[in-house]
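A.B. asks: Protein chains in written order, with our numbering: chain A, 1 to 442; chain B, 1 to 442; chain C, 1 to 442; chain D, 1 to 442.
There may be inaccurate statements among the hints.
Pairs of lysine-lysine, DSS-like flavour, derived with a Cα cap of 25 Å [as the list claims (entries may be wrong)]:
(1) K207(B) x K437(C)
(2) K46(C) x K64(C)
(3) K56(D) x K46(D)
(4) K46(A) x K56(A)
(5) K56(C) x K207(C)
(6) K207(D) x K78(D)
(7) K437(B) x K64(C)
(8) K56(C) x K46(C)
(9) K437(D) x K207(A)
(10) K60(D) x K78(D)
(11) K46(B) x K60(B)
(12) K207(C) x K46(C)
(13) K56(B) x K207(B)
(14) K207(B) x K46(B)
(15) K60(B) x K207(B)
(16) K437(D) x K388(A)
(17) K207(D) x K46(D)
(18) K207(A) x K56(A)
(19) K437(A) x K56(D)
(20) K388(D) x K78(A)
(21) K78(C) x K56(C)
(22) K78(B) x K78(C)
(23) K64(C) x K388(B)
(24) K46(A) x K60(A)
Just so you have them, the derived chain B footprint on chain C, three or more residues with Cβ under 8 Å [stated by the list, open to error]:
(25) 38-44
(26) 203-214
(27) 245-258
(28) 426-432
Residues from chain D shown here face chain B by an in silico Cβ test under 10 Å; the list is partial [claimed, not checked]:
(29) R155
(30) T277
(31) M378
No lab work stands behind these hints: they were computed from the structure. Note that CB positions come from ideal geometry on N, CA and C, so glycine has one too.
Each chain, written out:
Protein chains: 4
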Amino acid sequence: MSLSPLDGALYADLLSDAELVARFDDAAQIRAMLEVEAALALAEAKAGVIPDAAAKHIAKVARKLEIDPAALAAGTAKDGIPVPALVEELRRAVGEDSAPYVHWGATSQDIIDTGLVLRLRAALDIQASRLDALIAALADQAEAHRGTVMAARTRAQQATPTTFGLKIAAWLAPLIRHRERLAEIRPRLLVLQFGGASGTLAALGDKGVRVMEALAAELDLAVPPLPWHTQRDGLAELAGWLSMVSASLGKIGGDLVLLAQSEVGEVRAGQAGGSSTMPQKANPVGAETLVALARFNAGLLAAVHQAVPQAQERDGVGWTLEWLTLPQMAVATGAALRNARTLIESLEVDAARMRGNLEAGNGLILAEAASFALAAHMPRPEAQALVKAACAEAAASGRHLMDVLEARTDAPVDWQALRDPAAYLGDADALIDRVLKRAGRN
Amino acid sequence: MSLSPLDGALYADLLSDAELVARFDDAAQIRAMLEVEAALALAEAKAGVIPDAAAKHIAKVARKLEIDPAALAAGTAKDGIPVPALVEELRRAVGEDSAPYVHWGATSQDIIDTGLVLRLRAALDIQASRLDALIAALADQAEAHRGTVMAARTRAQQATPTTFGLKIAAWLAPLIRHRERLAEIRPRLLVLQFGGASGTLAALGDKGVRVMEALAAELDLAVPPLPWHTQRDGLAELAGWLSMVSASLGKIGGDLVLLAQSEVGEVRAGQAGGSSTMPQKANPVGAETLVALARFNAGLLAAVHQAVPQAQERDGVGWTLEWLTLPQMAVATGAALRNARTLIESLEVDAARMRGNLEAGNGLILAEAASFALAAHMPRPEAQALVKAACAEAAASGRHLMDVLEARTDAPVDWQALRDPAAYLGDADALIDRVLKRAGRN
Amino acid sequence: MSLSPLDGALYADLLSDAELVARFDDAAQIRAMLEVEAALALAEAKAGVIPDAAAKHIAKVARKLEIDPAALAAGTAKDGIPVPALVEELRRAVGEDSAPYVHWGATSQDIIDTGLVLRLRAALDIQASRLDALIAALADQAEAHRGTVMAARTRAQQATPTTFGLKIAAWLAPLIRHRERLAEIRPRLLVLQFGGASGTLAALGDKGVRVMEALAAELDLAVPPLPWHTQRDGLAELAGWLSMVSASLGKIGGDLVLLAQSEVGEVRAGQAGGSSTMPQKANPVGAETLVALARFNAGLLAAVHQAVPQAQERDGVGWTLEWLTLPQMAVATGAALRNARTLIESLEVDAARMRGNLEAGNGLILAEAASFALAAHMPRPEAQALVKAACAEAAASGRHLMDVLEARTDAPVDWQALRDPAAYLGDADALIDRVLKRAGRN
Amino acid sequence: MSLSPLDGALYADLLSDAELVARFDDAAQIRAMLEVEAALALAEAKAGVIPDAAAKHIAKVARKLEIDPAALAAGTAKDGIPVPALVEELRRAVGEDSAPYVHWGATSQDIIDTGLVLRLRAALDIQASRLDALIAALADQAEAHRGTVMAARTRAQQATPTTFGLKIAAWLAPLIRHRERLAEIRPRLLVLQFGGASGTLAALGDKGVRVMEALAAELDLAVPPLPWHTQRDGLAELAGWLSMVSASLGKIGGDLVLLAQSEVGEVRAGQAGGSSTMPQKANPVGAETLVALARFNAGLLAAVHQAVPQAQERDGVGWTLEWLTLPQMAVATGAALRNARTLIESLEVDAARMRGNLEAGNGLILAEAASFALAAHMPRPEAQALVKAACAEAAASGRHLMDVLEARTDAPVDWQALRDPAAYLGDADALIDRVLKRAGRN
């Protein structure tokens, strides 16, 4: 089946990501649960709860066992969870002697949640390395374009000159923060789930905490203060991170679409997208996916947070809602990171067009520059009013703003020098440096 | 791959629905697009745009052609849409003579959107018939339980007596409205998309509207006033309907979970859900899925509405966002309808427990009844105050409210008669009849 | 207080709407509840439940009573609802004799929900008339600009020629559907809430349905099949409508922002927005509000749908959630309708700039036209390939596409005629007419 | 005006919070902006950009100036932002000599965003102290109830015994993490916004970074790497935190509602909520608000994340969307923290009812205990099967599970000892200690 573009073959390379999907699909879920059952047996042997030999046998079998997802479907439909059916399969596979020691004292949620954490750890490793690569690519481009002058645009209007390097540095800055955030989130997220039937570990007598610690060590996960069966803030926080990352990439994508418009034409980013009827088209499909994936994740984020208030000691509703949303978010963010890197590494920048667009406005983009230059010779409100009137005249007449101003005032301003956008870039370079430094450059 | 529980085998019978997934998966999408290309050729022949023989040949080939989704993946990743690659495959399949007439004058979005509409039509047929079956099942149960007295609960507290039949009638009432709504939505949704490159039908010269009408007739779809490439209110309305339906089912599911609590125990609804460690458990997993699917759809609904403001004449962002959300919503609602019917048809009602719970409160649930009975003999605020004080005494002492009241007042009230909850059901029966009548029962 | 821009003075004319806020503020809520209490008394007198004289007195007093919202705050905080405190005030105001008959047999939710319906009716009347006015304004502009040729843009790229009239007609089309939808929604929404304590009308003995009908008649509302205390689909449907309307306006706003970009400059729509530092700026702030309000409503819509699955016979959670969301949505949509009309009526269109942008691309926008012209003389795939190559050459060389094509083929095409964008508009006019007809024009 | 229950008087003490609203209303917004203008003048004097005397005068006037929000409404509606009108008022107030130096080199967004950060800082201080108080209250209750035995409930069914202390410790655990998270978020959020017209600080010549640093010092805010005009991850992260906190409180509220049900009756939490018609009712309105506010925030969270992908150097759409959502979230979380503390501090626990509910199930809740006791004498799957059969018999016959088991097996189990729920609490105490330790108790 392939209901969502995140599953299936058709959109696999556009919107999905095979590497990440492989961490979340049926097979990966079964594999992770078996891994937890294996580790549980070993930990319980270490704590003296079950016999050593049985534990080793269970671990060995569990780590090799292949279970067809379809074989668990009926059990899952009945129980709402795949664990009872999976435990039954595992018991059959380990044979009569070891069977009693399988899944000892655990509850299904211990297995499913810990299995999820294992898969999230793998997914986060992939995402972290993609994030690093994207940061590097952006840092390279920011450096490369620190001298590429272009129009800054505020509220869709040309505002003042800026550089493409500064724009890229602004794209980069939040990604550095996302890297920091991920480091903070990991210890709260990569935590064992283990509480037994309802969180007291009662089936393990007085050895509950000891098994909990041994199991966490076995799986290289942190030990929680207590089971988090219905305390899902860790997952909500992860979802927030995934959505923030994709949102920051959505901003990049949105900017690329705007810069690639026919009438702007300053950047081409992965624009291979052809039309079935218009031979001239080169659509910014990669950039568009970044915005779409961002909006998708923002929607799912709300559902993950709606899933946080889970009832009592286990809640089938909120828990199920997580399954329906969180894996998709992880893949969407992963696909966005991959697409973003491809786009950034293959940027084609038309510096001449940037310059041309900047100069097409008869100098209006330098209105602020003119008003501050005049403010050296008259009160600033007066300067602003003078420039505002000159802007209107320039727009109406098609004459250059500086020519209009020169005619309107005899303030001793160097009007020729003011015509150069590259002379009105303020601290653009210093700001780029500040970001590059945080990104780990020089 | 199987990222989402709506895809894959593991959760197929719990959260997903094979019959509906089959309307939306890669294969169905390709099939629907080929169907549109076939109909387009025939319509254009009818309008004299392309040769009749070519059209018939294209239609015949397109209707039989099997295309492996993976074969279109590279093209889809490049173009953002599968159509150019699909058209190429179709051209190859029809051979050199007819190839030029394939996809004549259409744009990719015409094919994808119309293909989606065809698939939605099939999905809605399934959902409509499930809705009918559920309405019938609820009507049967409302009728069967019109005499089953139980406690109504407002804000989690026992309020007054009611009947289980009236509760079921209340579950049923919105479903009748959803059926009406669906009838209203269909003509706005089941509409051809056909506008050519950017909505003017220019490639068809003066035959655009004629082809549009012929194509709509061929596919048995309505003709839109003009192409709706970036006017997506029809899809947003559908998403709203899907979410409303699943939300109404979520209310049923939520009630069933509450009624099935150990301490309430009035109803068991499909409670086969076993635990991996607690032998006594029978979890209400089916009912829980209804709530989870409702909350999932409500989250996706926001994303679909976020996709409505699409830019200019075609918007890759919003359009992609629809693909990521709408099919999942359709399947979630379909699964919820199926699960709800199973639950309703297999309800096990414990009328004795209902009665027991009603009577466990020392008559407090009849406080309103007592206050209105007293109001015949004293001002109602005074009656209310008297009953309120008696409630406190009854709660503290464990005596029956009517006994307490009898001791506190000599108002000539028939306290014995007031003890019977079945005597304080007001218009429950008439209200059930009103709903059943709207459901088509008489 | 003024926490939200929808409240308060600061943003009142930008994002909010005094006329609509006045339907939803504290005072309006109290007024509507008193109106329901008045009507209830009259209806119950008519049904013989309470004395005629008391009913008339209650109605008269209730309709004039002014209650300071702050006076109900403590009661509301205690009870979760303002009704008990309000009933107490009303009882005090009517005096000892009539006091017992106030609020007879009703539950708080009857009063609050019916009061909300009354306020929604007033709000929908305002919105309906704004929608009509906007439809008229768009129809006028579509008519006025049916000959204004411009570039259609798909996926942010110039696609083919179109007309501004057709673009406006596309903006208009969904609004006509929203008008239809509103007509369908009204009878499901403008419905009395009346069920007594828990929906059985038990306190009214055998007169429940009679009072229900009389009360609905008194308030000119429809009679529901049964109380809808926890069946909230009507409100969810309304929220969907509000969000759809604002989303369609968000699409208009988004297009206006794009058309107003410095590099496009084809339309100015209410662009008074000044900058505190850039004298030349004229920001499209009105258009931006349309997109912001659309995204706001889409987010709230999810919350309203999350509120639908309400527990049992009354649910404080979902009900409260409606109060937090629905009124804001109504005001946001109302403000959007007002802002949209202002924008549309004051559109300044630069037809020369439209033409200029169209022609700036060396004829690339006519690539489809050229390919269909050539397809009369060679197989269409061959024609497409030829045009594609010519596009690349034209883009690289800066020569006009038709010149390049003329040099590359001796197919007998009238290349001069093909240069005229106005000759490649297909059925634009006929499509505009189809929409105008549905809008009620001739 | 008072559109939302978060504004206005009616719901002020139920759903809103005067202390927090006062940080976000019109007056607070104006005050914060004037504070920023004051600090800007001082910082620019320090950097030698404007004269010292003018700066001091501006600062003094700005800090005292009272501006009626309504006086800025027209300007705000025109410009989309209140800053130009506010700057004009401030210029008028400082008089002709200093007027030119007001708002020197800043852009409106610098003032609005920094003003927001100042207000968020104050709001977070309030929330942090409420969070501390709530943590302390929960720690007290967890300690107090570590010996209060009750039924754990998973998926709405009694599962095994637990203690109320452990349940409270589980409520507490995420709040400790939220405190950690807040500490991590602060340095990323409490950051100056300062970039001038489009983020280059060009109007300040070579003194941009120096002014930026001086201004940050003046306001005791961190210096960003570069302006974050369209990099809104800090606000999205805050929104996530606000939603996580309210979601964790929503979980507490939801549990309290369930525990307060008539049929459960184990806890009363602030249950003053009266009914207008049912004298016996005591509704858990405070607990319900926690769930409602959680669901409200989760919905708004999506909107805040939708606002992150902001276009180019300033985006009126996303920015406006933040204003519509973020302050409401801050107040909703603040109100939830206050309500939660009231509820926790006033918990009335009915330990006897807890014990009674635990024992009402004929020992079924000890089925896991029995199966592990038997597993000492037979393979565990066999033990589980035996117990499962015994559970069915106990449920059907009404006999105690241990009696049934004793009759079914001669395994040497101490059946009498197994009847005591307090003997099957596993590591509940140790787990409580782990949480209390993290909460700072020792």
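A.B. asks: Could you run down the list of hints and mark each one as holding or not?
C.D. replies: Each hint, compared with the structure:
1. K207(B) x K437(C): OK: K207(B) and K437(C) at ~20 Å, within 25 Å.
2. K46(C) x K64(C): 21 Å, holds
3. K56(D) x K46(D): Holds: K56(D) and K46(D) sit about 11 Å apart, inside 25 Å.
4. K46(A) x K56(A): 11 Å, holds
5. K56(C) x K207(C): 19 Å, holds
6. K207(D) x K78(D): 32 Å, violated
7. K437(B) x K64(C): 41 Å, violated
8. K56(C) x K46(C): 11 Å, holds
9. K437(D) x K207(A): It holds: about 20 Å lies between the C-alpha atoms, which stays within 25 Å.
10. K60(D) x K78(D): Not OK: K60(D) and K78(D) at ~29 Å, beyond 25 Å, violated.
11. K46(B) x K60(B): 16 Å, holds
12. K207(C) x K46(C): 11 Å, holds
13. K56(B) x K207(B): 19 Å, holds
14. K207(B) x K46(B): Judged against 25 Å, a Cα distance of about 11 Å means the pair holds.
15. K60(B) x K207(B): Within the cut-off at roughly 24 Å; holds.
16. K437(D) x K388(A): 64 Å, violated
17. K207(D) x K46(D): Holds. K207(D) to K46(D) sits at ~11 Å (cutoff 25 Å).
18. K207(A) x K56(A): Distance of about 19 Å is within 25 Å: holds.
19. K437(A) x K56(D): The given pair, whose Cα atoms are some 35 Å apart, is violated under the 25 Å limit.
20. K388(D) x K78(A): Holds: K388(D) and K78(A) sit about 17 Å apart, inside 25 Å.
21. K78(C) x K56(C): It is violated: about 31 Å lies between the C-alpha atoms, which goes past 25 Å.
22. K78(B) x K78(C): 61 Å, violated
23. K64(C) x K388(B): Outside the cut-off at roughly 31 Å; violated.
24. K46(A) x K60(A): 16 Å, holds
25. 38-44: Coverage by chain B is violated for the stretch 38-44 of chain C (0 residues, Cβ < 8 Å).
26. 203-214: holds (count 6)
27. 245-258: holds (count 8)
28. 426-432: holds (count 6)
29. R155: 4 Å, holds
30. T277: 6 Å, holds
31. M378: 14 Å, violated
In this structure, the hints that do not hold are numbers 6, 7, 10, 16, 19, 21, 22, 23, 25, 31, in rising order.
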